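*Asks:* Please construct the entire structure, taking both the sequences and the accompanying hints into account.
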Amino acid sequence: MPSDEGQDLIDLTREICAKELRPKVDEAERAAATGESFPTEVFRALGAAGLLSLPQPEEHGGYGQPYEVYLQVVEEIASAWMSVAVGVSVHSLTAYPVATFGTPEQQAALLPGMLSGDQLGAYCLSEPLAGSDIASMTTRATRDGDQYVIRGRKAWISHAGHADYYTTFARTSDDGGKGLSCLVVPADAEGLSFGAPERKMGLHCDTVREVMFDDVRVDAGRRIGDEGQGMAIALSALDAGRLGIAAAATGLAQGALDLAAGYATERRQFGRAIGEFQGLQFLLADMEAAVTSARATYLHAARLKDAGRAFSKEAAVAKLVATDAAMKVTTDAVQALGGAGYTQDFPAERFLREAKITQIFEGTNQIQRMVIGRHVLR
Amino acid sequence: MNIVVCVKYVPDSQSERTFQESDNTVDREATDGLLSELDEYAVEEALKIVEARGGGEVTVLTVGPAAAADAIKKALQMGAHRGVHVQDDAIHGSDAVATSLVLAEAVKKATDGSPELVLTGMASTDGTMGVVPAMMAERLGLPQVTYASELTVGDGTVTIRRDGDTASETVEASLPALVSVTDQINEPRYPSFKGIMAAKKKPVDTWSLADLGLEASQVGLDAAWTTVVTFAQRPPRAQGQIVTDEGEGGAKLAEFLSAQKFL
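Residue numbers (this note's numbering), protein chains in the order written: chain X, 1 to 378; chain C, 379 to 641.
Please keep in mind that the hints were generated in silico from the structure rather than gathered at the bench. Computed from a predicted structure; not experimentally measured. All residues carry an ideal CB built from backbone N, CA and C; glycine is no exception. Some hints could be false.
Sample of chain X residues lacking proximity to chain C, with all beta carbon distances greater than 10 angstroms (derived) [stated by the list, open to error]: (1) 37; (2) 153; (3) 217; (4) 288; (5) 292.
Partial chain C-side listing against chain X, Cβ under 8 angstroms, derived [to be verified]: (6) 570; (7) 575; (8) 579; (9) 599; (10) 603.
*Replies:* Structure representation (structure tokens):
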């Protein structure tokens, strides 16, 4: 259970979700499906309330909150607006390399803006031909005096075109996975350009585009960690990032369950609320069991992380279990709402579309199984 | 400038609220309580005044049961500097007259008898009497400047705009004064996490009736000038009237709207 302080924080998140997120989500997601719409002001509001910097240490301008509390905040946000929760998780991922591997000077220069929400980040790892296989990336950062010159193309980049900085992984030598380095590229760097937003199945307010680096010059002082340390930084960040996605998927599933339970109480057939039929009760019970077990897996991994213990396997388990739960629960929520669930008059169909991506990004669930399997056989 | 903001702890207006059978007072067990939304505007306005003037303290004052500490906590999280909680079992069931007496005495004690500015919301979201500000002003001997949709603190004066149905009045009063504010005056801030952590270190005084020099006989259900005799749940909304269009649907609709005085 969270401390009093943690509970106050979760209460604050609920209040902001109720007043700022829920009234806007339906229209914003609909608008973003056909045009461009990005909830910048929502991220600013979350930043002002301190919700973008919970897990980072206090000396960096964060709040030193345990991951256990931070993830519950992400879950709350996701139950109101999945795109924003994913955005919070992505943003945390972009600050993670600086907070964990940056020098004190880099932390002093970069973290205040990142953690206050004044600056939004994007995480440039995937490429068109290098998705799960990170080590095959071809984007290259060539050293030129006290600068790097970056050339290449990144794909599936959340916040691209809206972000203030791009935490970018690029090849500094041909040494496979050991030849990657991490650089923080400011949005106004010359040579940085973006593709058209991807036309996705859902999560429309999470703008995703390609990012092109056309001889982008970055000061060597913006390299995080050593040359060649990029792969280790990326994988370490992803362990933490997976927990963010697991928490967000749990919140999405909770939102779908709440919707279905509310509908089952109000909708009457054969002279009674449909929730009084055992057929629907069992459906709701299985949804509840899936949500509760999803939450348990991410909290378990978070507690290990908070205690400074290894949590890589548990993070993969949480990502796998929570996102599969989200897929199942959102599908069942559409079923509980019947024909109404299949219309855009209710958010059930949106929840279902949003759940699908959680099984894919931040490492597909097949990759999670590889990670888990490797740990089991170790 | 030091400001006292009077706030009330009320049952959440978004939830099902009811009275308890035993003495026809609000059932506080049945629903969660919180800082009355209408009082958040008064807290916000006080914070804005102090911030703009670059100095002064905002004291948030409430009269209520132990759980009312939550209302003070919320105001402290928003940025108020200290809290005063008047808590005494004898106060249970007090009407507006007695509430204004306790509040007025607490304002005096909190300001050593010389308040500069007292702010309140326009009404509570539960009782919605809206008379406590006027009663307090009378008891404190302060100008009562009510329903402010805009508030300017000048040199020794306050000026407000009061929006009516047909006209807006601009009203000026000398300080010290008591001002009640409407929900049009500002947009209350959310606490920040920094505010949440800081609130835990802020001082909150808890006073009893005796601390205020008041007797139990002056307050509570027995001293109330008005009594809730009976209560009933509002009946669920009756089913609407369905007009089937058999050629004269438009006329029937117009007839209905006209009977309801919409036309």
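*Asks:* Take the hints in turn and mark each one as holding or not.
*Replies:* Results for each hint:
{"no.": "1", "hint": "37", "result": "23 angstroms, holds"}
{"no.": "2", "hint": "153", "result": "38 angstroms, holds"}
{"no.": "3", "hint": "217", "result": "37 angstroms, holds"}
{"no.": "4", "hint": "288", "result": "22 angstroms, holds"}
{"no.": "5", "hint": "292", "result": "23 angstroms, holds"}
{"no.": "6", "hint": "570", "result": "5 angstroms, holds"}
{"no.": "7", "hint": "575", "result": "7 angstroms, holds"}
{"no.": "8", "hint": "579", "result": "12 angstroms, violated"}
{"no.": "9", "hint": "599", "result": "32 angstroms, violated"}
{"no.": "10", "hint": "603", "result": "37 angstroms, violated"}
Hint compliance for this structure: hints 8, 9 and 10 are not met, and every other hint is.
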